[in-house]
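Asker: Sequence:
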Amino acid sequence: MAKAKFERTKPHVNVGTIGHVDHGKTTLTAALTTIISTTGGAQKMAYDQIDKAPEEKARGITISTAHVEYETEKRHYAHVDCPGHADYVKNMITGAAQMDGAILVVSAADGPMPQTREHILLSRQVGVPHIVVFLNKADMVDDPELLELVELEVRDLLNEYDFP
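The UniProt record's numbering applies: residue 1 is where the sequence shown begins, and numbers increase by one.
Simulated from the structure, these hints should not be mistaken for laboratory data. Ideal placement from N, C-alpha and C gives every residue a C-beta, glycine not left out. Any given hint could be a false lead.
With a straight-line cut-off of 35 Å between C-alpha atoms, the simulated DSBU-like cross-links for lysine-lysine are [unchecked claim]:
| id | residue 1 | residue 2 |
| --- | --- | --- |
| 1 | 44 | 10 |
| 2 | 10 | 137 |
| 3 | 74 | 137 |
| 4 | 74 | 44 |
| 5 | 74 | 10 |
| 6 | 44 | 137 |
Restraint ranges, calculated between C-beta atoms of paired labels, are given here [unchecked claim]:
| id | residue 1 | residue 2 | range |
| --- | --- | --- | --- |
| 7 | 10 | 31 | 33 to 43 Å |
| 8 | 138 | 12 | 27 to 37 Å |
| 9 | 10 | 38 | 16 to 26 Å |
| 10 | 13 | 155 | 18 to 28 Å |
With the sequences and hints as input, model every part of the structure.
Answerer: Shown next as structure tokens:
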């Protein structure tokens, strides 16, 4: 049976999740597909469907980039979930090289960590034009001043690498 011809009717955007290991990149990716699936714009994908290689499941980390697609009323998105572990930074670079924008996931409980900085630097080096920040795990932080401190640290890091 032949596949239907794909016709692009919306602008296409390549995005991806970047950041330190265990800060919630894959969980955010799964949440995006879950929410967008309620409007028919995506196939709902659970965390374990995104990190599906046996070694990823065994270790509980993303090793290779994972790809999901979704669309909104105005755009079609190809989303790359990048690994955060330092041993797999080459895979992160491969995924980031094609991004129109990145979602930097930072755990509010931990703040910026070594791979946070490295992913911002690599994003700059491969030409990612825009980064937005998703401050994750904020519900685990009771002190509003600590949340503000994490936000300031992330802003400083982004400014250091010329991301407004």
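Asker: Taking the hints in turn, state whether each one holds.
Answerer: Hint by hint, here is what the structure shows:
1. This hinted pair checks out: residue 44 and residue 10 have alpha carbons roughly 21 Å apart, not beyond 35 Å.
2. Distance restraint check for residue 10 and residue 137: the Cα-Cα separation of roughly 33 Å lies within the 35 Å cut-off, and the hinted pair is therefore satisfied.
3. Restraint check for residue 74 and residue 137: the C-alpha separation of about 29 Å stays at or below 35 Å, so the hint holds.
4. Between residue 74 and residue 44 the alpha-carbon distance is near 19 Å, which keeps this suggested pair within the 35 Å criterion.
5. A distance of roughly 6 Å separates the Cα atoms of residue 74 and residue 10; the hinted pair therefore holds under the 35 Å criterion.
6. Proximity of residue 44 to residue 137 is assessed by CA-CA distance (about 22 Å); at most 35 Å being required, the pair is judged to hold.
7. Residue 10 and residue 31 have their C-beta atoms about 22 Å apart, which leaves the hinted 33 to 43 Å range violated.
8. The hinted range of 27 to 37 Å is satisfied by residue 138 and residue 12, whose Cβ atoms lie roughly 31 Å apart.
9. Between residue 10 and residue 38, the C-beta spacing of about 19 Å keeps the proposed range 16 to 26 Å intact.
10. For residue 13 paired with residue 155, a C-beta distance near 24 Å keeps the hint of 18 to 28 Å intact.
In summary, the one numbered hint that this structure violates is 7.
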